[in-house]
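Asks: Per the working numbering, residue 9 is the first one in the sequence shown, and the count goes up by one each step.
Some clues are possibly wrong.
[Claimed, not checked] Only pairs whose alpha carbons sit at most 27 Å apart, straight line, appear in this in silico DSS-like list of lysine-lysine:
#1 K95 - K80
#2 K34 - K18
#3 K80 - K53
#4 K65 - K32
#5 K147 - K34
#6 K147 - K65
#7 K34 - K73
#8 K147 - K40
#9 K70 - K147
#10 K115 - K80
#11 K53 - K18
#12 K115 - K147
#13 K147 - K63
#14 K73 - K17
#15 K40 - K95
#16 K73 - K53
#17 K70 - K80
#18 K18 - K147
#19 K34 - K63
#20 K32 - K17
#21 K65 - K40
#22 K147 - K17
#23 K40 - K80
#24 K53 - K32
#25 K18 - K70
[Stated by the list, open to error] Label pairs and their in silico Cβ distance ranges:
#26 V16 - P104: 33 to 39 Å
#27 A101 - K18: 33 to 39 Å
#28 N134 - K17: 42 to 48 Å
#29 N142 - I41: 17 to 23 Å
#30 K70 - N142: 16 to 22 Å
#31 I133 - P36: 31 to 37 Å
#32 D21 - W145: 27 to 33 Å
#33 T49 - L19: 19 to 25 Å
#34 I133 - P104: 17 to 23 Å
#35 H125 - W145: 17 to 23 Å
#36 P104 - N142: 20 to 26 Å
Hints were generated in silico from the structure; no laboratory data involved.
On a predicted model such as this, the values are computed, not experimentally measured, just so you know.
Cβ atoms here follow ideal geometry from the backbone N, Cα and C, with glycine treated the same way.
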Amino acid sequence: MISNKIGVKKLNDEFDEICLAHEKLKYPELDKITQLEIMETGNLKPIAELVPEYKDKGTPTKLLKNYITITKTEFRNYLIETGFIEKQKIENADNPEQDGIWLLKDKIIDQERGHIHRTWNIGNINEASEIYVNLLWEKLNTN
9 MISNKIGVKK LNDEFDEICL AHEKLKYPEL DKITQLEIME TGNLKPIAEL VPEYKDKGTP
69 TKLLKNYITI TKTEFRNYLI ETGFIEKQKI ENADNPEQDG IWLLKDKIID QERGHIHRTW
129 NIGNINEASE IYVNLLWEKL NTN
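Using the sequences plus the hints, can you model the full thing?
Replies: Here it is as C-alpha cells:
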C-alpha cells in the first residue's frame, strides 16, 4: 500500500511539473482544427508536443481548459460536417459488442463489454449530435 501511494504521489508531482511547464508557455493557442480533433478523438499529442521534454510523460486532461477555446456550437457543426455521427452507427463497429458510445437506430447507447450502461433516445441527427457534443465536452470538466 505504501509503495502504491509513493507511485501516485510521483505521478501527481510529474503532472504538476507538466502543468507548470505549460503555464510558463502561457498556453499558446492551438488552431481551430487541432482543437476540434482533440475534442473528437481525445488525442492530446498536439498539447504534449508543446513541451518536448515532457511529451512522453502523459498530458493531464485538466490542461484542456487552457487550450480548448472553440464553442460547443462549432464542435457540433464539425461533428456533423465530418460525418462523425454516421461513423458511430453500431453497424460500423468492428464488433457489435465493442466498447463505446454508439448510435443504434433511434437511440445512443453507452456500451462496455457488451453491456449497455446508459441510453439516450433521439429523434434526429441534431439531437444525436447534441448528445455526442455534451458527452465529449465532459473532458473539459475533468479535474
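Asks: Run every hint past the structure and note whether it holds.
Replies: Hint check:
Between K95 and K80 the CA atoms are separated by roughly 20 Å; this keeps the pair inside 27 Å, and the hint holds. Taken as a hint, the K34 and K18 pair is honoured in the structure, with Cα atoms around 25 Å apart against an allowance of 27 Å. Proposed proximity of K80 and K53 is supported: the alpha carbons are some 21 Å apart, at most 27 Å. Between K65 and K32, the direct Cα distance comes to roughly 18 Å. Compliance with the 27 Å bound is thereby established for this hinted pair.
Under the criterion of a C-alpha separation no larger than 27 Å, the hint pairing K147 with K34 is consistent with the structure, at around 21 Å. Only pairs whose Cα atoms come within 27 Å are accepted, and K147 paired with K65 is accepted, the gap being roughly 19 Å. About 13 Å separates the Cα atoms of K34 and K73, which keeps this hinted pair within 27 Å; it holds. With a CA separation close to 17 Å, the supplied pair K147 and K40 stays within the 27 Å bound.
Taking the CA atoms of K70 and K147, the gap is near 8 Å; set against the 27 Å cutoff, the hint holds. Using a Cα cut-off of 27 Å, the hinted pair K115 and K80 holds, with the two alpha carbons roughly 21 Å apart. For a cut-off of 27 Å, the pair hint linking K53 to K18 stands: about 22 Å separates their Cα positions. Distance hint between K115 and K147 is fulfilled; the C-alpha atoms sit about 22 Å from each other, no more than 27 Å.
The hinted pair formed by K147 and K63 meets the criterion: a straight-line CA distance of about 20 Å does not exceed 27 Å. Proposed proximity of K73 and K17 is supported: the alpha carbons are some 23 Å apart, at most 27 Å. Proposed proximity of K40 and K95 is supported: the alpha carbons are some 22 Å apart, at most 27 Å. This hinted pair checks out: K73 and K53 have alpha carbons roughly 15 Å apart, not beyond 27 Å.
Restraint check for K70 and K80: satisfied, since their Cα atoms lie roughly 18 Å apart, inside the 27 Å limit. Restraint check for K18 and K147: the C-alpha separation of about 23 Å stays at or below 27 Å, so the hint holds. Taking the CA atoms of K34 and K63, the gap is about 17 Å. The hint holds against a cut of 27 Å. A C-alpha spacing of about 22 Å is found between K32 and K17, which places the hinted pair at or below 27 Å, so the restraint holds.
A distance of roughly 25 Å separates the Cα atoms of K65 and K40; the hinted pair therefore holds under the 27 Å criterion. With a C-alpha separation of about 23 Å, the suggested pair K147 and K17 falls inside the 27 Å cut-off, and the hint holds. Taking the CA atoms of K40 and K80, the gap is near 12 Å; set against the 27 Å cutoff, the hint holds. About 19 Å separates the Cα atoms of K53 and K32, which keeps this hinted pair within 27 Å; it holds.
Distance hint between K18 and K70 is fulfilled; the C-alpha atoms sit about 17 Å from each other, no more than 27 Å. A hinted range of 33 to 39 Å for the beta carbons of V16 and P104 is consistent with their spacing of about 37 Å. Hint check: A101 to K18, Cβ distance near 37 Å, so the stated range 33 to 39 Å holds. Restraint check, N134 to K17: a C-beta distance of roughly 46 Å satisfies the suggested window 42 to 48 Å.
Checking the proposed 17 to 23 Å range against N142 and I41 shows it holds: the Cβ atoms sit about 21 Å from each other. K70 and N142 have their C-beta atoms about 19 Å apart, which keeps the hinted 16 to 22 Å range intact. The hint said 31 to 37 Å for the Cβ distance between I133 and P36, and at roughly 35 Å that hint holds. Under the hint 27 to 33 Å, the C-beta atoms of D21 and W145, about 29 Å apart, fit the expected range.
Hint check: T49 to L19, Cβ distance near 23 Å, so the stated range 19 to 25 Å holds. Look at I133 against P104: about 21 Å separates their beta carbons, and that is inside 17 to 23 Å. In this structure, H125 and W145 meet the distance hint of 17 to 23 Å, their C-beta atoms being roughly 19 Å apart. The beta-carbon spacing between P104 and N142, approximately 24 Å, falls within the hinted interval of 20 to 26 Å.
Checked against the numbered hints above, the structure violates none of them.
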